[in-house]
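Starting from the given sequences, assemble the full structure and let the hints guide the process.
To get our numbering, take the position in the sequence shown, counting from 1, and add 12.
Hints were generated in silico from the structure; no laboratory data involved.
Any given hint could turn out to be false.
With beta-carbon atoms standing in for the labels, derived distance ranges [unchecked claim]:
hint : residue 1 : residue 2 : range
1    : S66       : P129      : 31 to 41 Å
2    : P140      : R31       : 36 to 46 Å
3    : R113      : R149      : 11 to 21 Å
In this text the structure is predicted, and so the values were computed from the model without any measurement.
A virtual CB, placed ideally from N, CA and C, is assigned to each residue, including glycine.
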Amino acid sequence: IEGLGPLGRLDVLDLHRNRIERFCGLGHLSMLRVLNLAGNRISRVDASDLAGLSSLVELNLRRNALTTVCDLSEVPGLQRLFLSSNAIADLASVEKLRSARHLAELALDGNGIASLPNYRPAIAELCPSLRHLDLRRLADPERATASNAGLAAETQSAAASGVQSGALQSGHPDANEERQTGIRTGSNDGLDVKRPAAVVSNGTSGGGSESLGIDAAGDGGGCGVWGDIWSGGDICRDDSSGGAAGEGEFGGDGAM
Numbered sequence: 013i014e015g016l017g018p019l020g021r022l023d024v025l026d027l028h029r030n031r032i033e034r035f036c037g038l039g040h041l042s043m044l045r046v047l048n049l050a051g052n053r054i055s056r057v058d059a060s061d062l063a064g065l066s067s068l069v070e071l072n073l074r075r076n077a078l079t080t081v082c083d084l085s086e087v088p089g090l091q092r093l094f095l096s097s098n099a100i101a102d103l104a105s106v107e108k109l110r111s112a113r114h115l116a117e118l119a120l121d122g123n124g125i126a127s128l129p130n131y132r133p134a135i136a137e138l139c140p141s142l143r144h145l146d147l148r149r150l151a152d153p154e155r156a157t158a159s160n161a162g163l164a165a166e167t168q169s170a171a172a173s174g175v176q177s178g179a180l181q182s183g184h185p186d187a188n189e190e191r192q193t194g195i196r197t198g199s200n201d202g203l204d205v206k207r208p209a210a211v212v213s214n215g216t217s218g219g220g221s222e223s224l225g226i227d228a229a230g231d232g233g234g235c236g237v238w239g240d241i242w243s244g245g246d247i248c249r250d251d252s253s254g255g256a257a258g259e260g261e262f263g264g265d266g267a268m
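Written as structure tokens, this is what we have:
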């Protein structure tokens, strides 16, 4: 992604429905809060791709080709992450969600992982701060299941460690074998605005912040700043007109 050098105060960047295979070169956008890359061809995102995006609150990567979730510690304020309709198959592929300590909303529907048994409690255990998963509020029983599973894993791990320690201290001839074969249990387990193909909207909201939307498909991909709340969809509101915001394909409280 090139040509954004002069836009250091960019607040919202919408690049949905293009042919982007890898995104990089955004590290200077330290004020960027919303990044929409839905409907592209991205198969991999590394932690280094997110370096410098210290203000990012929402990341939309729906309908790409991702198989794993990278370390998200470079975006410590991330609250909303949309990964619907990718190629994420198992819990091991999303283990690094643990690094998103303030994540409140997550979407993984349309991936193989969403059909696994105990999918929701497992994600709740990975992300204790999470409130909504796939547009549904996490219920207390789901959180309780996650909490009980975590406690059981810790108990079993502690018991296994105690057995190993005891064997080593006793000087038993099989101590080394016990240490090698001991069982350790863990949890590894807005508005559709018709615009030209490229739209640039420079608003004055937030002390001169800017927003940029580029839609190669020419289907209204421009977007504007919408406070701290974003629709999460592929199509966003144009704040400069003062019109009503649409929910897009994936609104915060709309239907899939």
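Here is how each hint holds up against the structure:
no.: 1; hint: S66 / P129: 31 to 41 Å; in the structure: holds (37 Å)
no.: 2; hint: P140 / R31: 36 to 46 Å; in the structure: holds (37 Å)
no.: 3; hint: R113 / R149: 11 to 21 Å; in the structure: holds (20 Å)
When held up to the earlier numbered hints, the structure conflicts with none and fits them all.
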